[in-house]
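Listed below are the residues making up each chain.
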Amino acid sequence: SAVISQKPSRDICQRGTSLTIQCQVDSQVTMMFWYRQQPGQSLTLIATANQGSEATYESGFVIDKFPISRPNLTFSTLTVSNMSPEDSSIYLCSVDLAGGPGELFFGEGSRLTVL
Amino acid sequence: GENVEQHPSTLSVQEGDSAVIKCTYSDSASNYFPWYKQELGKRPQLIIDIRSNVGEKKDQRIAVTLNKTAKHFSLHITETQPEDSAVYFCAASGSGGYNKLIFGAGTRLAVHP
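From first to last, the protein sequence lines stand for chains A and B. Anchor point for the first sequence: position 5 equals 5 in the working numbering, and the numbering is continuous, going up by one each time. Anchor point for the second sequence: position 44 equals 44 in the working numbering, and the numbering is continuous, going up by one each time.
No lab work stands behind these hints: they were computed from the structure. Quick caveat: nothing in here was measured; it's all calculated off a predicted structure. Please note that the accuracy of each hint is not assured.
Said to hold, decoys possible - Here are the simulated SDA-like pairs of lysine to any residue, each with C-alpha atoms no more than 25 Å apart in a straight line:
| hint | chain 1 | residue 1 | chain 2 | residue 2 |
| --- | --- | --- | --- | --- |
| 1 | B | LYS58 | B | GLN38 |
| 2 | A | LYS65 | B | LYS58 |
| 3 | B | LYS68 | A | ARG111 |
| 4 | B | LYS68 | B | GLY41 |
| 5 | B | LYS37 | A | GLN38 |
| 6 | B | LYS57 | A | LEU97 |
| 7 | B | LYS42 | B | LYS71 |
| 8 | B | LYS68 | A | GLN51 |
| 9 | A | LYS65 | A | GLN51 |
| 10 | B | LYS22 | A | GLU103 |
| 11 | B | LYS37 | A | LYS65 |
| 12 | B | LYS37 | A | GLN51 |
| 13 | B | LYS42 | B | PRO8 |
| 14 | B | LYS37 | A | GLU108 |
| 15 | B | LYS22 | A | GLY102 |
| 16 | B | LYS71 | B | PRO82 |
| 17 | A | LYS7 | B | LYS57 |
| 18 | B | LYS42 | A | ASP64 |
| 19 | B | LYS42 | A | PHE66 |
| 20 | B | LYS42 | A | GLY52 |
| 21 | B | LYS37 | B | GLU79 |
| 22 | B | LYS37 | A | ARG10 |
| 23 | B | LYS42 | A | GLU54 |
| 24 | B | LYS37 | A | VAL3 |
| 25 | B | LYS42 | A | ASP11 |
| 26 | B | LYS22 | B | LEU46 |
| 27 | B | LYS42 | A | ILE12 |
| 28 | B | LYS37 | A | SER9 |
| 29 | B | LYS37 | A | SER1 |
| 30 | B | LYS22 | A | SER9 |
| 31 | A | LYS7 | B | GLN38 |
| 32 | B | LYS71 | A | SER59 |
| 33 | A | LYS65 | A | GLY102 |
| 34 | B | LYS22 | A | GLY40 |
| 35 | B | LYS37 | A | ALA98 |
| 36 | B | LYS22 | B | THR10 |
| 37 | B | LYS71 | B | GLN81 |
| 38 | B | LYS37 | A | ARG111 |
| 39 | B | LYS57 | B | GLY41 |
This is chain A alone, in the form it adopts within the complex (with noise of 0.2 Å):
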């Protein structure tokens, strides 16, 4: 398994602002999985981050408003820029152990509230 670890927990924002979600992983991995949770829907994949290359964006996520950064194996940020409140949502990071496909680990989430 994995302990995965997303900062912040909450948030509450102001309409146009940003925001950088962390995400820390207790052991390297390869593919990192950034997804977005709205309230009371499914999980909708954002983007892959792999270390060392630039992250691959979903349709209707693009690098602009979402970037991300994978520094190193155990670590990704993914950014929310200029907020609005559509934005307010749960943020998940998630890792693959095996490399893929298999059992997705997920972090606590962050939830976000823009106002």
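Go by the hints and put chain B onto chain A.
Okay, now just chain B, sitting in the frame of chain A:
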């Protein structure tokens, strides 16, 4: 594009009854099908998974069946208990070379004592 449909969206059963949740997927290249349970305010956690070379897998009260020809798979929970109450998500592996998972919309299961 890749899509996973999940039914029903809500399911209410009496304790001790069985519960079945069904999913269909669109990508014929999908080869990994996990099920996650998410309790209120908690992170999703894997409860069972199946790969495309297997038709059925069982773990105590939980079983998953896979029909690759029809592109659907199902979760079966027997002898349900109140602690089974949660939201259940199915998922299917996607293409693209980096093994992502595409999740269904979720099923809210309520088990009544």
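Hints, verified against the model:
Of the pairs offered as hints, the one joining B:LYS58 and B:GLN38 holds, with about 20 Å between alpha carbons and a cut-off of 25 Å not exceeded. A threshold of 25 Å between alpha carbons decides the hint, and for A:LYS65 with B:LYS58 the separation of about 42 Å lies outside it, so the pair is violated. The straight-line distance between the Cα atoms of B:LYS68 and A:ARG111 is roughly 37 Å, outside the 25 Å bound, and the hint therefore fails. Distance check on the hinted pair: B:LYS68 and B:GLY41 sit about 34 Å apart at the alpha-carbon level, beyond 25 Å; violated.
Proximity of B:LYS37 to A:GLN38 is assessed by CA-CA distance (about 17 Å); at most 25 Å being required, the pair is judged to hold. The hinted pair formed by B:LYS57 and A:LEU97 meets the criterion: a straight-line CA distance of about 22 Å does not exceed 25 Å. Between the alpha carbons of B:LYS42 and B:LYS71 the distance comes to roughly 30 Å, so the proposed pair goes past 25 Å and is violated. A distance of roughly 33 Å separates the Cα atoms of B:LYS68 and A:GLN51; the hinted pair therefore is violated under the 25 Å criterion.
Among the hinted pairs, A:LYS65 with A:GLN51 is consistent with the structure: their alpha-carbon atoms are about 20 Å apart, no more than 25 Å. At most 25 Å may separate the alpha-carbon atoms for a hinted pair to count; B:LYS22 and A:GLU103 meet this at roughly 20 Å. For the hint pairing B:LYS37 with A:LYS65, the CA-to-CA distance comes to about 30 Å; that exceeds 25 Å, so the pair is violated. Between B:LYS37 and A:GLN51 the CA atoms are separated by roughly 29 Å; this puts the pair beyond 25 Å, and the hint is violated.
Annotation: proposed proximity of B:LYS42 to B:PRO8 holds, straight-line Cα distance about 22 Å (limit 25 Å). Taking the CA atoms of B:LYS37 and A:GLU108, the gap is about 14 Å. The hint holds against a cut of 25 Å. For the proposed pair B:LYS22 and A:GLY102, the alpha carbon gap of about 20 Å is at most 25 Å, so the pair holds. Taking the CA atoms of B:LYS71 and B:PRO82, the gap is near 31 Å; set against the 25 Å cutoff, the hint is violated.
Only pairs whose Cα atoms come within 25 Å are accepted, and A:LYS7 paired with B:LYS57 is rejected, the gap being roughly 36 Å. Between the alpha carbons of B:LYS42 and A:ASP64 the distance comes to roughly 29 Å, so the proposed pair goes past 25 Å and is violated. With a CA separation close to 24 Å, the supplied pair B:LYS42 and A:PHE66 stays within the 25 Å bound. Under the criterion of a C-alpha separation no larger than 25 Å, the hint pairing B:LYS42 with A:GLY52 is inconsistent with the structure, at around 31 Å.
For a cut-off of 25 Å, the pair hint linking B:LYS37 to B:GLU79 stands: about 17 Å separates their Cα positions. Between B:LYS37 and A:ARG10 the alpha-carbon distance is near 22 Å, which keeps this suggested pair within the 25 Å criterion. With a C-alpha separation of about 30 Å, the suggested pair B:LYS42 and A:GLU54 falls outside the 25 Å cut-off, and the hint is violated. About 18 Å separates the Cα atoms of B:LYS37 and A:VAL3, which keeps this hinted pair within 25 Å; it holds.
Annotation: proposed proximity of B:LYS42 to A:ASP11 holds, straight-line Cα distance about 17 Å (limit 25 Å). Simply put, B:LYS22 and B:LEU46 have alpha-carbon atoms about 17 Å apart, close enough for the 25 Å limit, and the pair holds. At most 25 Å may separate the alpha-carbon atoms for a hinted pair to count; B:LYS42 and A:ILE12 meet this at roughly 19 Å. Restraint check for B:LYS37 and A:SER9: satisfied, since their Cα atoms lie roughly 20 Å apart, inside the 25 Å limit.
Of the supplied pair hints, the one linking B:LYS37 and A:SER1 holds, its CA atoms being roughly 16 Å apart against a limit of 25 Å. Simply put, B:LYS22 and A:SER9 have alpha-carbon atoms about 33 Å apart, too far for the 25 Å limit, and the pair is violated. At most 25 Å may separate the alpha-carbon atoms for a hinted pair to count; A:LYS7 and B:GLN38 meet this at roughly 20 Å. Between B:LYS71 and A:SER59 the CA atoms are separated by roughly 23 Å; this keeps the pair inside 25 Å, and the hint holds.
For a cut-off of 25 Å, the pair hint linking A:LYS65 to A:GLY102 is broken: about 28 Å separates their Cα positions. With a C-alpha separation of about 19 Å, the suggested pairing of B:LYS22 with A:GLY40 holds against the 25 Å cut-off. For the given pair, B:LYS37 sits about 20 Å from A:ALA98 by alpha-carbon distance, which is consistent with the 25 Å threshold. Restraint check for B:LYS22 and B:THR10: satisfied, since their Cα atoms lie roughly 12 Å apart, inside the 25 Å limit.
A distance of roughly 29 Å separates the Cα atoms of B:LYS71 and B:GLN81; the hinted pair therefore is violated under the 25 Å criterion. Taken as a hint, the B:LYS37 and A:ARG111 pair is honoured in the structure, with Cα atoms around 19 Å apart against an allowance of 25 Å. Proposed proximity of B:LYS57 and B:GLY41 is contradicted: the alpha carbons are some 28 Å apart, above 25 Å.
Hint violations for this structure: numbers 2, 3, 4, 7, 8, 11, 12, 16, 17, 18, 20, 23, 30, 33, 37 and 39, all remaining hints satisfied.
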